[in-house]
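Novice: These two chains come separately, so use the hints to put the complex back together.
So the chains spell out like this:
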Amino acid sequence: MNKTILLVDDDPFQLRLYEKLLQNNGYSCKVALSVDAAEDILKNNEVPDLIISDYEMPDKNGFEFRKRLLQHDSLKNVPFLFLTSVNDEHFIQQGLDLKAIDYMAKNIPPARILSKINNLMLAVKEHYERSLSEVKGIAEKLNLRNIPKQAPELKNFTISYFNQSYQYQPGGDFIDFIKIDDRHTFVILGDVMGKKWGAWFFSFSYLSYIRSAIRLCVIDGKYTLSEILERLNRVICADEFLAEIFSTVSILLIDDDKCTISYAGAGDLPVLKYEQGCNQLVEFRSDGILLGFSEDMYFSDLQITLEANEELYVVSDGMIDFQVNEEKKSDMEMFKKKLFDLKSSLEPTEHIVNSLFNKHTSQVDDCSIIIIKRK
Amino acid sequence: MNLSKEKVNNILVLSIEEREANLSKADHFKQLVSEEIDKGERKLIISFKNVEYLDSSFLGALVGILKHLIPLNGQLILTDLNGDIENLFALTRLNKIFNLKQDLKTAMLDL
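Residue numbers (my numbering), protein chains in the order written: chain V, 1 to 375; chain D, 1 to 111.
Please keep in mind that the hints were generated in silico from the structure rather than gathered at the bench. All the pointers check out, no bait thrown in.
Pairs of lysine-lysine residues, derived as DSSO-like cross-links and limited to a Cα-Cα distance of at most 30 Å, are as follows: (1) V:116 / V:76; (2) V:328 / D:96; (3) V:222 / V:375; (4) V:43 / D:49; (5) D:67 / D:105; (6) D:49 / V:329; (7) V:343 / V:375; (8) V:125 / V:76; (9) V:328 / D:105; (10) D:5 / V:328; (11) D:49 / V:328; (12) V:328 / D:101; (13) D:49 / V:336; (14) D:67 / V:329.
Distance windows between CB atoms, simulated: (15) V:118 / D:105: 49 to 59 Å; (16) D:39 / V:279: 50 to 60 Å; (17) D:9 / V:131: 49 to 59 Å; (18) V:294 / D:6: 28 to 38 Å; (19) V:41 / D:103: 27 to 37 Å; (20) D:103 / V:300: 30 to 40 Å; (21) V:73 / D:110: 32 to 42 Å; (22) V:131 / D:82: 30 to 40 Å; (23) D:82 / V:277: 30 to 40 Å.
Source: prediction; values computed, not measured. Just so you know, even glycine gets a beta-carbon here, dropped at the ideal spot from N, CA and C.
With the rest of the complex left out, here is chain D (with noise of 0.2 Å):
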């Protein structure tokens, strides 16, 4: 699992540098993601901009993020989800518990 970071003032942005989110990559995305959580992360950004595919179980992955996060306080944006993807989120009301923006500035400008 390809997964960039850089940090900007106190957000953590995270870029999925693979075309296919999948099963295969699933388990140790979300531990790379958790292990930030730990360490006291509490502002994310995940960008998709490399992605073409997103799988259930990556879905899964990252409803696990959230769900983990709240508790905590925490915020998770999701940004550059390509026309398909931002669609399957539209169709399963996941648009409902993701803040989606288009881009990178427009997310920070959320947090």
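This is chain V alone, in the form it adopts within the complex (with noise of 0.2 Å):
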């Protein structure tokens, strides 16, 4: 994914030079010609990965552009380079002092430029991924994981999981198996609204919440997921920290004595079965309201046969999202089509994830997928 800075100059010869520099060097470019149209691309824009900024403009100058900056939460930490003319000791300790990373001077070499440029995003990049993975390794340390390590072994069933993050950062979605006995197994896939890091944190809460709900419903005996969904949508509403949190969820119970599987849901997509000898995959929808919207929601539970070497597939909407010729989309049938598609060239499970999943070279969310076959 390149990685996009933001250029501002008001020197449209010095911009252009400096915007194509960058692209031919793989870097998405945005520009602009004062502090005020910087601000208006990054108010309707994703936060830029780096600001290079000129020092001497009119009406605002850098200084004052990176002052502004400095009051936005989501903007001040982003790396700031001065760009400038002016090169003198007293400047340069003034930009620093206001948390620029560094300044350039204007008359230095193209290839010189780029060296720093590719240098710092590179530091910034090493960075991230120490704090990431420092955040990381304290979640393991607390057994706060929103994908399992592994699935449960079934007699007559096997499961397989697969996610896959959105540009390298833990998302919403989570996964969860939980084997009460050697004959019930549930299998659940949620997605909390949102992306990235809010929405991996809250994850946690509605883990919690619905590990709680099946073990109290397991408890009084009660297998009916409607239920299990109706009492885990009660407490979530009640809950004044995710009022404004919104969660997707399939849940599906696996009897393996049975070889029976329940499935309900709420807000999710539908969940797909490949049934061998059929001309497209079957659609199961449930018919619940995504969790947290109000109290009073009702639930249905299906009842899925699989017979052998059937799958069943459930995903989540990362899944479907799509970027065609620069646009993205959401198309339900199109996933479906290519899931057929490889499913009936007999590919095998590994290689038609890997499919999926390469498929999505501009990948825009947090993609998942369970997929449930009956030995």
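Specialist: Dropping the structure here:
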């Protein structure tokens, strides 16, 4: 994925020069001729990976721009480089006092400008990866995991699951398997609305509630998914902490003795089944509204039968998002067709999943798929 | 987040002037609409005429707005959803909680 750089300079010639240099070397650029124009771009686009701004500009200068950025939580930590023809100690000090990472004189040769930017981006990436790995390490130690380490072994079914994060950041998709006894196993796929860290954080709250709701119902001898979802939804609606956080969820209960599967869902995508000899995937649509919206929600259980070698697919919405010719779209039918074509050509499960994920060259959200196969 | 607004009698018509309604715009969008509700607006139409893609963060913002509006006896209608977005609403049952209309004219008749 290309790194995006916002370039701000009142000299259109200089701006074009830098834009061309950076674009030719794999960066994606946004350009602004003034601080006001730059602020408009920042307001309407995703946060850039780096901001390079000229110092001397009419109206607001580079220092003023930097001061304004420092007041925004979402922008104050974006690496910032000053670009200038002024080259004295006082200026440099003032820029660095404003937490600018560095400054660059306009007259240095393009190759050196590029090296400086490349090195800076590399340092930022390494720093980010270090922090990410520290957070992940702490989460592991606290046993906070929204994707399990392995699926349970069953007598009559095999469960495989795959998750790919968005831009290498944790996301809102969560998967869980709860094996109650040799007979009953719950399979859960949820997606907290949102992306990246915020969604990741709340996915743990949802997971805890789901685990508790299932355990409490099972203790009472209740294995009805609709009842579990109703209880779960009521608890989530009562939690002020989650007042504006919503999640979809698909819950399946595998009865490994009777070889049956029950399914219920809240705001989730249809569960798909590949039936041998069929000319398309069969859809099972749940009827629940996403969790957390309203206390008075009702859910229904669906029964699904799988014959030997037949497969069931549970997917999160990231799987049906595609980018075609620069345009993003959500297309369930396109996903179904891809999956059906792969399945019909007798590709093994691993190949199917790799192919589905690799086709997401322009993935726009985190993606998860659970495959349940009858042995 | 580019959002244009127009008041027609007691109805506030908001048009999302973005091709992509995504994470980077969701919070700002929610804040702008919530400010209008806090100012007393109760009948809202949000037009998606220019929107080609909607992500789950933006959907979350829309659900949050609706949840905020319901106890205030407010009404929210979404109009001009393209085929893909309308399908997504249907697939995830969001069409059961949102009032979706084909265009502004039809929406106006409903308020």
